[in-house]
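There are 4 protein chains.
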Amino acid sequence: MILVLNKSLSESDIADIASQIERLGLGAQIVGGQTNPLVFVSGNAQTHPSHIFSRIAGVEKVLKLGPACPRVDAKDIRPITIGQGVTIGGGAKPIVIAGPCSVESQEMLLETAQAVRAAGAVMLRGGAYKPRTSPYDFRGLGKLALEYMAQARSQTGLPVVSEVMSIEQLEIASEYVDMLQIGARNMYNYELLSAVGKSKLPVLLKRAMSATVSDLLQAAEYIMLGGNEKVILCERGIRTFETYTRNTLDLSCVAALKSLTNLPVIVDPSHATGRRDLIRSMSRAAIAAGADGLIIEVHPQPVRAMSDAAQAITPAELTKIVADTRKIADLFSDDTDKLETPVLSLASTVS
Amino acid sequence: MILVLNKSLSESDIADIASQIERLGLGAQIVGGQTNPLVFVSGNAQTHPSHIFSRIAGVEKVLKLGPACPRVDAKDIRPITIGQGVTIGGGAKPIVIAGPCSVESQEMLLETAQAVRAAGAVMLRGGAYKPRTSPYDFRGLGKLALEYMAQARSQTGLPVVSEVMSIEQLEIASEYVDMLQIGARNMYNYELLSAVGKSKLPVLLKRAMSATVSDLLQAAEYIMLGGNEKVILCERGIRTFETYTRNTLDLSCVAALKSLTNLPVIVDPSHATGRRDLIRSMSRAAIAAGADGLIIEVHPQPVRAMSDAAQAITPAELTKIVADTRKIADLFSDDTDKLETPVLSLASTVS
Amino acid sequence: MILVLNKSLSESDIADIASQIERLGLGAQIVGGQTNPLVFVSGNAQTHPSHIFSRIAGVEKVLKLGPACPRVDAKDIRPITIGQGVTIGGGAKPIVIAGPCSVESQEMLLETAQAVRAAGAVMLRGGAYKPRTSPYDFRGLGKLALEYMAQARSQTGLPVVSEVMSIEQLEIASEYVDMLQIGARNMYNYELLSAVGKSKLPVLLKRAMSATVSDLLQAAEYIMLGGNEKVILCERGIRTFETYTRNTLDLSCVAALKSLTNLPVIVDPSHATGRRDLIRSMSRAAIAAGADGLIIEVHPQPVRAMSDAAQAITPAELTKIVADTRKIADLFSDDTDKLETPVLSLASTVS
Amino acid sequence: MILVLNKSLSESDIADIASQIERLGLGAQIVGGQTNPLVFVSGNAQTHPSHIFSRIAGVEKVLKLGPACPRVDAKDIRPITIGQGVTIGGGAKPIVIAGPCSVESQEMLLETAQAVRAAGAVMLRGGAYKPRTSPYDFRGLGKLALEYMAQARSQTGLPVVSEVMSIEQLEIASEYVDMLQIGARNMYNYELLSAVGKSKLPVLLKRAMSATVSDLLQAAEYIMLGGNEKVILCERGIRTFETYTRNTLDLSCVAALKSLTNLPVIVDPSHATGRRDLIRSMSRAAIAAGADGLIIEVHPQPVRAMSDAAQAITPAELTKIVADTRKIADLFSDDTDKLETPVLSLASTVS
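Protein chains in written order, with numbering that gives the first Met the number 0: chain A, 0 to 350; chain B, 0 to 350; chain C, 0 to 350; chain D, 0 to 350.
Just so you know, the hints here were simulated from the structure itself, not pulled from any lab data. Quick caveat, the model's predicted, so the values are computed rather than measured. In this text, a Cβ means the ideal position worked out from N, Cα and C, and glycines have one as well. Among the hints, erroneous ones may be present.
[Said to hold, decoys possible] Listed next, the in silico BS3-like pairs over lysine-lysine satisfying Cα-Cα at most 25 Å (straight line):
1. C:92 to B:319
2. C:319 to A:63
3. A:197 to B:142
4. A:60 to A:6
5. A:60 to C:63
6. D:63 to B:63
7. D:142 to C:197
8. C:197 to B:92
9. D:199 to D:6
10. C:197 to B:326
11. B:92 to C:337
12. C:326 to A:63
13. C:60 to A:60
14. D:92 to A:326
15. C:142 to D:197
16. C:319 to B:337
17. D:60 to B:60
18. A:92 to D:326
19. C:319 to B:92
20. D:326 to A:319
21. D:6 to D:63
22. B:337 to C:326
23. D:326 to A:326
24. D:319 to B:6
25. A:92 to D:319
26. A:319 to D:92
27. B:337 to C:92
[What the hints assert, rightly or not] Simulated DEER-style distance windows between Cβ atoms:
28. A:318 to D:89: 53 to 61 Å
29. A:167 to D:92: 53 to 61 Å
30. B:322 to D:69: 56 to 64 Å
31. D:174 to A:69: 55 to 63 Å
32. A:332 to D:89: 26 to 34 Å
Whenever a hint applies, use it, and build me the whole structure from the sequences.
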């Protein structure tokens with residue numbers, strides 16, 4: 000952290016500011032800036048609220064040298080286990096999570112669950128509570144859908160993940176699912192992030208449409224600060240001027256996240272592209288970029304899906320994607336083929 | 000709504016699809032498209048979930064001719080009254096809402112409230128629950144802040160507005176405030192929108208950083224669908240590649256919203272620019288663009304603010320902005336100077 | 000400028016780097032950074048190519064404290080005179096430039112020119128060479144159009160401006176026009192910028208769809224470096240995710256540019272919005288934001304325009320906009336109503 | 000193409016419009032729209048200037064059903080040969096083009112050329128004319144650099160590519176290079192596109208920072224319309240709100256372009272990310288996404304590069320990337336592993 004001081008301060012004023020910093024248990028080094036004096040603050044400055052610094056008389060500006068994410072930035076996080084036997088991150092082989100956008104009925108869910116297991120996916124997704132842009136569109140079967148998800152797990156052995164949009168839904172879903180999903184629309188819902196931070200379940204945290212890498216990491220920090228270290232990050236496309244695809248898949252973000260944190264990172268090519276013709280190529284690209292997994296929308300009859308029909312693929316297409324994933328992962332499984340270890344820490348970025 | 004049909008359908012298949020549409024109480028007109036047959040659907044199609052149409056066998060694509068916002072699109076909405084005596088929209092003179100980003104203490108709030116009233120603002124803003132990107136930053140005084148807000152109202156007569164981020168906070172805040180604010184980070188939090196839709200209080204709905212005009216209108220529809228018609232829209236800057244300002248203020252959106260709906264539209268130049276040197280010019284521009292009001296962050300000692308210090312202005316600067324607002328509003332108060340009546344309805348846009 | 004040095008350098012290595020800086024005629028102050036030693040460079044560092052610094056052995060990174068625009072940043076630039084008697088910037092009243100997107104024929108141009116003069120515009124725009132996204136669309140009448148523009152000037156007394164897209168067109172157009180326009184698509188065409196830098200004619204430089212404020216200023220620097228100080232900047236909308244308007248008008252940029260440079264700044268609401276129903280409100284907003292003028296597309300029969308028909312307005316609408324412009328300008332003509340003097344210089348921004 | 004007609008037209012007015020369309024050699028089918036009558040135009044409407052339709056009396060709006068790119072859309076384009084023996088696209092194995100951002104000296108270029116050949120690259124890149132945001136930065140050695148490039152070709156056998164920014168540079172460079180590059184900043188420079196359209200040399204066309212897929216295809220159409228069918232498209236990152244990377248690499252665009260056209264598509268991970276730590280992972284991802292090749296900035300001493308130092312990699316790193324590229328390409332070389340044939344044509348997109 001760098002404090003930019005007022006130009007007109009006397010030497011003793013500046014020394015006094017340095018003392019205040021030191022009383023916080025931090026280091027302070029004074030330097031004469033080009034126009035203004037500066038104080039470099041060393042130590043664990045990032046977990047102090049920044050107004051502690053900005054409100055010191057004589058301080059004009061606080062420059063942070065990285066987002067405040069000590070928990071996310073910790074480098075000793077282990078792979079995360081979901082349900083019985085699914086392991087993600089920490090060097091484990093990439094996994095594929097698949098299932099319908101919405102749970103439409105008991106029958107369609109069980110059919111889809113069997114099909115995605117047969118295709119090689121290791122986990123089932125399915126929407127019970129659906130965030131829809133229009134209030135008139137199908138908003139999910141709610142608790143009933145969660146019951147069907149639990150049945151599907153019993154029948155297939157696949158752990159299940161479903162999105163929650165409120166604390167009330169979180170409490171209900173926790174009875175049924177193996178992993179909680181925070182969707183892109185709620186990544187900035189800090190109350191909800193704090194609430195899942197107190198859960199014992201792993202959390203799939205999706206990047207918001209407008210979130211920078213730094214915003215996403217700080218959202219993860221909210222969860223981890225509550226005590227829940229089982230956070231899986233998910234890139235699902237950001238909003239840009241391009242209209243050919245629903246969003247713009249940002250795979251550089253995957254590589255950046257992998258170098259900035261040891262949390263697992265997966266990719267959702269379905270929401271990123273919004274087009275079923277691009278899912279397979281983007282799945283290949285995501286795994287090649289180093290993602291720890293994929294989450295893909297699958298429907299027995301894609302064009303008949305009650306939501307997100309344009310981006311759903313068939314189980315047959317999923318089978319090919321699972322095979323692609325294994326092939327690419329095998330290609331780079333030797334130590335010598337792995338990407339170099341991270342060269343960056345959060346502290347080297349400027350926010 | 001236009002349904003694009005499969006090329007290989009027979010005439011009787013197509014006639015059958017038209018019948019299904021008519022059985023929903025809607026009109027159906029069949030036309031031969033350039034490559035695919037089309038069905039134009041007339042009537043109140045937009046409040047049917049779109050999967051009702053997309054799942055009809057033979058339908059390949061559903062093109063909506065506008066977002067589904069019949070409540071927002073209604074043209075007879077009257078001006079909205081907030082607290083005792085503040086009226087916004089419907090041709091009323093533009094108003095200025097001002098106050099601190101965060102309520103920092105009882106003393107600073109009362110001082111600020113007196114100052115903003117003296118400056119000519121008619122309503123007080125103040126954050127009790129603060130959405131902060133970093134979990135380590137100051138997150139507000141909570142209920143205590145709401146109590147101070149109510150005291151400030153007693154002392155100054157100004158109605159008060161404060162942000163809520165969860166249903167629990169909504170319940171608490173409803174005891175104290177005259178208007179509820181849904182912040183940009185929660186515009187896509189549909190559970191919260193539905194909850195404030197059941198409130199009797201007016202709602203200030205801020206556009207999300209990544210929301211299109213259509214997204215914002217549909218968020219308002221969520222609130223109105225619950226029965227609450229007192230929705231005030233707020234443009235507060237969108238995320239773009241430009242880094243000179245915190246966000247990019249989109250004033251075209253103000254003019255567009257004014258032509259698409261009769262809901263009042265206000266502008267938040269503080270969050271849009273993130274820089275106090277641009278607040279006054281953007282306030283002038285917002286009023287000239289036709290905004291019904293402004294919401295501005297004011298602090299007795301801006302650089303000492305516990306949050307958003309870079310964008311807070313002094314009460315003295317606010318006084319000038321209120322004067323500017325009145326002057327510009329007076330300039331265009333004659334009927335002949337008013338902007339023409341809306342030329343668009345939501346149905347003329349394509350989504 | 001700050002040079003971030005390698006951590007492993009000895010004190011004498013660092014002193015040696017400081018000496019190299021000083022031999023360039025610049026100041027060098029060594030400070031111990033949090034992790035790496037730093038050298039603050041003072042003096043006219045910004046007009047040295049940055050590789051001069053980055054290539055010094057031991058330098059890891061060069062941080063510039065502002066874009067390199069000493070000519071643009073100079074604060075003594077006077078108002079610019081275009082043709083006979085049109086003055087822009089430097090405190091002059093805002094002006095309105097208007098005319099057709101394309102010069103379609105001699106007759107239509109003369110008719111339009113008379114109409115825009117009658118409406119109160121002081122300068123005529125008209126496209127001779129048209130940059131069109133599709134090569135199959137109308138690309139302008141070329142030199143013939145320039146001849147008509149010169150005729151229109153003779154008949155109306157209005158100075159004329161037209162876009163050039165190549166050095167060849169620049170040479171031809173210079174015979175006919177009073178101001179050269181560099182369009183948004185050529186703002187990064189540095190060869191063309193250098194070429195107009197050698198012209199004696201004023202240059203209207205439009206911001207590219209993806210240009211930051213800093214990019215635009217550096218494009219102006221290219222022109223001024225050639226010796227031509229008569230540069231007028233133009234905000235015309237940037238590309239964002241919003242599709243309701245053709246581009247997103249960024250009026251904060253106008254206020255920012257006015258505080259960063261003394262060059263005149265005008266606004267093109269036609270290209271920014273792409274919709275004739277938004278031109279008047281955005282014109283008002285632009286003038287209220289402090290713009291020195293407007294450039295607007297006008298057509299005798301807007302829906303029949305050969306290019307940009309959706310955004311052309313009638314001469315009658317233009318008359319109202321000119322009146323609005325005068326009223327708003329008069330409102331803030333007193334010294335006490337003027338916006339404060341700039342608080343920023345380029346050097347206070349970080350690039 | 001769909002023409003939206005004025006509501007108040009009589010049946011005979013509408014029939015008259017249809018006749019006008021038919022006289023252009025196109026088909027016209029009249030349908031009653033929901034509010035306005037419509038005319039569907041069939042046949043080769045897209046190569047008529049769109050004002051031909053918009054200016055017909057009674058026509059209110061022209062909706063194009065795809066960008067006008069008949070040459071780009073043609074499906075029989077063969078692989079492109081560059082210089083002696085380098086083949087790209089049309090099912091050929093992906094290639095790697097590498098070399099310095101700028102040609103800094105004869106010695107460094109020859110050293111780099113030998114190194115990139117040893118690493119397995121098949122073509123040499125090197126900047127002679129450099130578009131630089133700041134006019135004070137190093138702008139290239141010009142013709143001298145081109146001479147060094149030709150020498151490097153003689154010594155290594157690698158064909159060479161270099162950027163041109165003006166018609167004058169195009170004429171000079173054509174004497175030396177095997178492929179001309181149009182950089183991102185000149186993708187909208189239609190005069191230059193038309194000029195390279197008359198060249199016999201292959202053209203590497205980079206996507207502009209703000210270009211949609213449709214814009215890029217239409218830029219290619221400009222070149223092909225001049226007679227030059229040897230166009231290679233290049234994705235190099237677009238401008239978004241994300242600041243962690245220099246630009247945002249849009250790999251969906253690669254897959255989309257491969258389905259929309261048979262032109263080869265390559266990826267520039269250097270400019271897309273601006274960070275050497277992300278080049279290898281993004282190179283893998285690009286090839287996995289289906290790219291026909293990569294163009295990468297390499298420097299013997301990356302941190303000493305005179306331009307783009309942060310993104311240059313070493314020859315050693317390039318060696319690994321070439322190996323990765325071959326492995327991934329081999330993985331999907333069987334017919335059964337290839338991505339499905341395109342499901343889209345340009346005409347199925349809406350602009």
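* **Those earlier numbered hints the structure runs against, lowest number first** => Violated hints: 2, 8, 9, 10, 12, 24 and 28; rest satisfied.
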